[in-house]
Amino acid sequence: MSAGHGAEAGHGHGEHPPYLAHHFDTPEQQFDTAKLGMWVFICTEILMFGGLFVAYGIFRSLEPDVFTMAHHHLDRIMGAVNTVVLLFSSLTAALAVREAQLGNQKKTSLYLVITIACAAIFLVVKYFEYTHKFHDGLLPGRCFGHPWFAGSPDGHGGFSGSSTPWYMHILQGDGCFDRTMARPLQVLDLPARGNMFFGLYFMMTGLHGVHVVVGMAILTWVLWRNQKGHFSPEYFTAVEIGALYWHLVDLVWIYLFPLLYLVG
Amino acid sequence: MSDAHAHAHADDGKVHAHITAAWFLCAIFSALIVLTVLTVAVSYVDLGSANTVVAIAVATVKASLVATFFMHLRHDKPFHALVFVMSFVFLGIFLTYTMNDLGTRGAVDRMNGGRHYLRHAERAPGGMRDEDYVPPATPLPSHGEHGGGHQAPAAEHH
Amino acid sequence: MATDVAVTDQGHGHELDPNLNYLQAGRGVLSWLVTLDHKRIGVMYLISVLTAFFMGGVFALLVRLELLFQGRTIMGPETYNRAFTLHGAIMVFLFIIPSVPAALGNFVLPMMLGAKDVAFPRLNLLSFYIYVVGAIFALYSIISGGVDTGWTFYTPYSTGTNGSVVSMTLGVFILGFSSILTGLNFLVTMHKLRAPGLHWRRMPLFLWGMYATSIMQVLATPVLAITLLLLAVERTFGLGIFDPALGGDPVLFQHFFWFYSHPAVYIMIVPGMAIVSELFATFTRRAIFGYFAVAMSSLGLALLGFIVWGHHMFTSGQSEFATMAFSALTMLVAIPSGVKVFNWTATLYKGSIWLTTPMLYALAFLVQFTIGGLTGLFCGTLSVDIHLHDTYFIVAHFHYVMMGGTVFGFLGGLLYWWPKITGKLYDERLAKVSWFFVFVGFNATFLVQFIMGSQGMPRRYFDYLPEFGRYHAFSTVGSWILGLGFLIMAWVLVKSLRSGPPSPPNPWGSAGYEWQSASPPIVLNFPEVPTITRGPYDYHLATEEELFDGFPEDRAKK
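Chains as they are written, first to last, in my numbering: chain B, 1 to 264; chain C, 265 to 422; chain X, 423 to 980.
Just chain B, same shape as in the assembly:
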């Protein structure tokens, strides 16, 4: 391995660039260290999402028919649009890295802005999908098909059948969140077991959504640093690392989309 290219390249030669932390000998060592750290982090993220994929695999193999029925309630066109949006944002993230490597500060910023905008579009689409599921009562676990959700919107934040907005039920911890209450309704054409599909749907896309938000924050930070002129062809580590994180978000979605929207 390339640890420590000799002590002679270390301190005291007046060539320690400002971006080089004191415990590294060379910019190359610093860059490789950051990248290895990010790849190990990606590894942990894969294992974390992996737990949900394992749960998905198990419940799908136990109830394939229910999953097939349930997944028809997801809008695959919306899912496909979101896929394209995320893939495009991945492209612009890769292009941002390229421009940073070439030292084009303005183009780097442009591509970063596009990437962040795509992330926002993704979240907006997701918002409409979630709202739709809430209106239909397609909810996880005990909340599946609950009347507070399964009604139609009454125009001011609540649903028919209840004058209280649904989030107040969450805050008050009553209703379907009461663990002793059985599921009161059968939803649409779905058997009660459909709750498991939507439980996994909300957990998987929810955790992914959190990663999208975190990714937006990271990319915004990278953009800010780029605007400050921190990066150069010799030092663009943060752009590279931020882009790697964003590609990871894309990677997870690449699997979530077919498993949830296409084959259920």
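Don't read these hints as lab results, they were simulated from the structure.
Some hints could be false.
[Said to hold, decoys possible] With a straight-line cut-off of 30 Å between C-alpha atoms, the simulated DSS-like cross-links for lysine-lysine are:
#: 1; chain 1: X; residue 1: K854; chain 2: X; residue 2: K772
#: 2; chain 1: B; residue 1: K106; chain 2: C; residue 2: K278
#: 3; chain 1: X; residue 1: K846; chain 2: X; residue 2: K917
#: 4; chain 1: B; residue 1: K107; chain 2: C; residue 2: K341
#: 5; chain 1: C; residue 1: K278; chain 2: B; residue 2: K228
#: 6; chain 1: C; residue 1: K278; chain 2: C; residue 2: K341
#: 7; chain 1: B; residue 1: K106; chain 2: B; residue 2: K228
#: 8; chain 1: X; residue 1: K917; chain 2: X; residue 2: K854
#: 9; chain 1: B; residue 1: K107; chain 2: B; residue 2: K126
#: 10; chain 1: B; residue 1: K228; chain 2: B; residue 2: K107
#: 11; chain 1: C; residue 1: K278; chain 2: B; residue 2: K107
Computed from a predicted model, the values in this text were never measured in an experiment.
Chain B is already provided as a structure; the job is to place chains C and X on it using the hints.
Same frame as chain B, now just chains C and X:
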């Protein structure tokens, strides 16, 4: 510095990362879009269980493209690729064992691995079988009004 | 050269004189709280884990005291359930897992590598604060009603019971991220920051152990995170993945939990093994017999840790095929464990044994880990485990490994590196007295538990049948001896801090790399980047100066 193809590796301590051409990145993106369209199109055709296989295969090709080119694994240190692949190996161990357990419960001992919701009389992976279920001597209070089938408590910890 | 260049302390900008030792560089509480120095972060971790150890120990003594007599002694059954849960959760998540890697490892690891710091110093500090936040959540759950699920949080009980399960699981969830970040940091540091000449075959065995530990922390802990997240969502919103009434499977929780927690058991024991490898080398004055085999056995344990988790679930309703596979695979764990024990024993043979207190801890480790490991084979045998599962036999088994192994290794390592960390010597005679009480107390407490377990005394029970009375009484008295030993140990450390004589750079005459620095080390660990020309146990290649006086530069400064 702009054309990194010229620098395989130099030992001057500077960063020598590969710079991917813009047209190449766009080509990869186009391939990803084509694959997305393909996988959505296939989902409208009923191929039975082959649908799942196709969907996962296409997703894996897409993920490989992203990892190899967008994430620069192609020109990166092989160790990074190893780290990446190892995460899937360990995930595979996790998935295989757990699926193996859930898939073979009750294969030898019928009492093991019954699958029944006590409350709703529907199948459940962890519950008990209908025919194995002996109602308690003194019926416990039931939960909720709408549960069909057995009006029996779900779990022992209420 | 390096010595006359002021170093900018990254992150908060003031200049530091690199010739000062790390304790003198920067004054005041704030200079500690925002430090990026791995040594100071290690010391902060050390204080935290020792506090957690004290708390967990108090709960342990309370649990034992309650079991002194049949029926109610000092607390009721509800309180008893909370006490043993908190003992387990605190000891596992707040003490053992961070004890060796985050506290001692943080201090020693970069020094053993000849590096100035870990790869990501800011991440290192962040991981400490994440630990603190996790600990606050855990404390909150104690104050707000406690948790009575056991440290394993098994569903469906944990989704139904009262108490603050959610805050405890969130606390452990957060602590998990601290552990992940430490592991990630160490892994990358060992790959990228080794001093020139320090190739893999020259890595000290402590680092090989840390490497294996880091792999497990990085790969397994994320699964714990998602498990506890699912549990919290299940409890709060009725998700149903672990609830059979909603189509879920409670045994799936155990799969998820043990996929992390079995590797976690090795996250706890492998660092203990790593420390005693160092102790055996230093105090026998020779290279560890079978160095490469011991190094690889650490990696072997790390990998095996991922394929045997089902042996915790033999009686859970898991499928028969899975239990058979897991039982067979569990036997494989004996191989790397045996490789270690035999090689340590071979190292003792014809070594120049110096019976210092750290060495006594290492020898106790060797005996107690062997007992714990061999009884592990009983538990891993499918048919025998059906009888032993959830009895005191299991309790005794894992205490022999976790406490007789890891805690003894940790205490040995703490005393071994104490002169390096504080720059002060401790009272060796008093330390030996404390070792004696700890050793006798530990074995008195837990050896009888094998007997009552094999006779059917279930674990986690508030009360017991009269025939177990004498065993329980014996065990409780043993726990008092153990507690007394720890009190003396604490006094040894306090006394050393207050009035210990200053330590020479290398009080043990070790050939290890970390001893070639000043005591306490300077901010950048070494005056200049060391070039490694020999292995860490090559006593025949080490010079007189290296073994007894540190580097000449250090001596000149005195």
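Comparing the hints with the structure gives:
For the hint pairing K854(X) with K772(X), the CA-to-CA distance comes to about 23 Å; that is within 30 Å, so the pair holds. The hinted pair formed by K106(B) and K278(C) meets the criterion: a straight-line CA distance of about 24 Å does not exceed 30 Å. Taking the CA atoms of K846(X) and K917(X), the gap is about 10 Å. The hint holds against a cut of 30 Å. Distance check on the hinted pair: K107(B) and K341(C) sit about 27 Å apart at the alpha-carbon level, within 30 Å; holds.
A hinted pair counts as satisfied when its Cα atoms are at most 30 Å apart, and K278(C) with K228(B) qualifies at roughly 22 Å. This hinted pair checks out: K278(C) and K341(C) have alpha carbons roughly 15 Å apart, not beyond 30 Å. About 11 Å separates the Cα atoms of K106(B) and K228(B), which keeps this hinted pair within 30 Å; it holds. Under the criterion of a C-alpha separation no larger than 30 Å, the hint pairing K917(X) with K854(X) is consistent with the structure, at around 15 Å.
Simply put, K107(B) and K126(B) have alpha-carbon atoms about 29 Å apart, close enough for the 30 Å limit, and the pair holds. With a CA separation close to 14 Å, the supplied pair K228(B) and K107(B) stays within the 30 Å bound. This hinted pair checks out: K278(C) and K107(B) have alpha carbons roughly 23 Å apart, not beyond 30 Å.
In summary, the structure agrees with every hint in the numbered list given earlier.
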